[in-house]
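Q: Listed below, chain by chain, are the residues.
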Amino acid sequence: MADQTLDAKGLNCPLPILKAKKALTAMPAGATLEILATDPGAVKDFAAFCRTTGHELVEQSVDGNVYRFVLKRKA
Amino acid sequence: MTDSSGSKSMSIIVTKGSLDWAYPPFILSTTAAAMGLNVTLFFTFYGLSLLLKDLDLKMTPLGNPAMKMPMMGGHMGMPNFASMIPGVDAGATVMMQNMMKKKGVASIPELRALALESEVRMIACQMTMDLFEYTLDDMIPGIELGGAASYIEVATQSEINLFI
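If you're matching them up, the sequences are chains E and C in order. Residue numbering for the first sequence follows this note's numbering, beginning at -9 and increasing consecutively. Residue numbering for the second sequence follows this note's numbering, beginning at 1138 and increasing consecutively.
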């Protein structure tokens, strides 16, 4: 269970990334953020976002047309 | 420029001010800022209109054969002469705005506000401000004025420099 959930369903690039970044900034290091998105581009983009920023992509799954990501805020 | 915090930098020269061309600079700058980069946008010529307090962005199919809108199950372009008919450009603009809203694409005012919020530095070209008779009062707060040398200084310190 993630510490916080961000519903980014229906939003298109780059809004899921921008909202995730905003949420992560307000969270303590090590906390986890669950993101729900319907933008198929989010799969590659969250991977790239995490590689560049150092936040950890700890979980990723898809249920129908909803993509789910769990990010762990970097220290 | 990799600064003391280890952040990289990106600059973009923004030269176009139509609704469609407003997207790339604001999408890339907000995303780069979210990924920890220091971002500077340098607005010149028609790009200046993206800094106006009163945004009135329009687009035209004129001279743009690649602009094909999804319509009746296919994609439809528009011949150049159609743009001369009153209301066609306005119609194309409304159509694009509706399509964007439906697909969850952010609006330009929304992206611009997010860019300011994430401390994207915005420089308006002094020469083109004078040329088109704009003053800082016409523009949103939080921007600065500068010239070519100001841009080059930023560019020499940036890993990514784009022209849009």
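It cannot be assumed that every hint is accurate.
[Claimed, not checked] With a Cα cut of at most 27 Å, we get these calculated BS3-like pairs of lysine-lysine: (1) E/9 - C/1190; (2) C/1238 - C/1153; (3) E/12 - C/1205; (4) E/34 - C/1195; (5) E/-1 - C/1240; (6) E/62 - C/1145; (7) E/-1 - C/1145; (8) E/-1 - C/1239; (9) E/64 - E/9; (10) C/1238 - C/1195; (11) C/1238 - E/-1; (12) C/1145 - C/1195; (13) C/1239 - E/34; (14) E/34 - C/1190; (15) C/1153 - C/1190; (16) C/1240 - E/9; (17) C/1238 - E/64; (18) E/34 - E/64; (19) C/1240 - E/34; (20) C/1240 - C/1153; (21) C/1238 - C/1145; (22) E/12 - E/-1; (23) C/1205 - E/9; (24) C/1205 - C/1240; (25) C/1153 - E/-1; (26) E/62 - E/9; (27) E/34 - E/12; (28) C/1195 - E/12; (29) E/-1 - C/1190; (30) C/1240 - E/12; (31) C/1145 - E/64; (32) E/-1 - E/62.
[What the hints assert, rightly or not] Calculated from the model, a selection of chain E residues having no Cβ within reach of chain C, i.e. all distances over 12 Å: (33) -7; (34) 12; (35) 14; (36) 17; (37) 22; (38) 35; (39) 42.
Read the hints as simulated data drawn from the structure, not as lab findings. Predicted model, so just to flag it, every value in this text is computed and none were measured. Note that CB positions come from ideal geometry on N, CA and C, so glycine has one too.
Q: Hints first: check each against the structure and report whether it holds.
A: Structure-based check of all given hints:
{"no.": "1", "hint": "E/9 - C/1190", "verdict": "holds, 24 Å"}
{"no.": "2", "hint": "C/1238 - C/1153", "verdict": "holds, 22 Å"}
{"no.": "3", "hint": "E/12 - C/1205", "verdict": "violated, 35 Å"}
{"no.": "4", "hint": "E/34 - C/1195", "verdict": "violated, 31 Å"}
{"no.": "5", "hint": "E/-1 - C/1240", "verdict": "holds, 11 Å"}
{"no.": "6", "hint": "E/62 - C/1145", "verdict": "holds, 22 Å"}
{"no.": "7", "hint": "E/-1 - C/1145", "verdict": "violated, 30 Å"}
{"no.": "8", "hint": "E/-1 - C/1239", "verdict": "holds, 13 Å"}
{"no.": "9", "hint": "E/64 - E/9", "verdict": "holds, 17 Å"}
{"no.": "10", "hint": "C/1238 - C/1195", "verdict": "holds, 15 Å"}
{"no.": "11", "hint": "C/1238 - E/-1", "verdict": "holds, 14 Å"}
{"no.": "12", "hint": "C/1145 - C/1195", "verdict": "violated, 34 Å"}
{"no.": "13", "hint": "C/1239 - E/34", "verdict": "holds, 23 Å"}
{"no.": "14", "hint": "E/34 - C/1190", "verdict": "violated, 35 Å"}
{"no.": "15", "hint": "C/1153 - C/1190", "verdict": "holds, 17 Å"}
{"no.": "16", "hint": "C/1240 - E/9", "verdict": "holds, 17 Å"}
{"no.": "17", "hint": "C/1238 - E/64", "verdict": "violated, 33 Å"}
{"no.": "18", "hint": "E/34 - E/64", "verdict": "holds, 19 Å"}
{"no.": "19", "hint": "C/1240 - E/34", "verdict": "holds, 19 Å"}
{"no.": "20", "hint": "C/1240 - C/1153", "verdict": "holds, 23 Å"}
{"no.": "21", "hint": "C/1238 - C/1145", "verdict": "violated, 33 Å"}
{"no.": "22", "hint": "E/12 - E/-1", "verdict": "holds, 16 Å"}
{"no.": "23", "hint": "C/1205 - E/9", "verdict": "violated, 31 Å"}
{"no.": "24", "hint": "C/1205 - C/1240", "verdict": "holds, 17 Å"}
{"no.": "25", "hint": "C/1153 - E/-1", "verdict": "violated, 31 Å"}
{"no.": "26", "hint": "E/62 - E/9", "verdict": "holds, 15 Å"}
{"no.": "27", "hint": "E/34 - E/12", "verdict": "holds, 19 Å"}
{"no.": "28", "hint": "C/1195 - E/12", "verdict": "violated, 30 Å"}
{"no.": "29", "hint": "E/-1 - C/1190", "verdict": "violated, 30 Å"}
{"no.": "30", "hint": "C/1240 - E/12", "verdict": "holds, 22 Å"}
{"no.": "31", "hint": "C/1145 - E/64", "verdict": "holds, 18 Å"}
{"no.": "32", "hint": "E/-1 - E/62", "verdict": "holds, 20 Å"}
{"no.": "33", "hint": "-7", "verdict": "holds, 20 Å"}
{"no.": "34", "hint": "12", "verdict": "violated, 8 Å"}
{"no.": "35", "hint": "14", "verdict": "violated, 9 Å"}
{"no.": "36", "hint": "17", "verdict": "holds, 14 Å"}
{"no.": "37", "hint": "22", "verdict": "holds, 18 Å"}
{"no.": "38", "hint": "35", "verdict": "violated, 8 Å"}
{"no.": "39", "hint": "42", "verdict": "violated, 5 Å"}
In terms of the numbered hints stated before, the structure departs from hints 3, 4, 7, 12, 14, 17, 21, 23, 25, 28, 29, 34, 35, 38 and 39, listed from lowest to highest.
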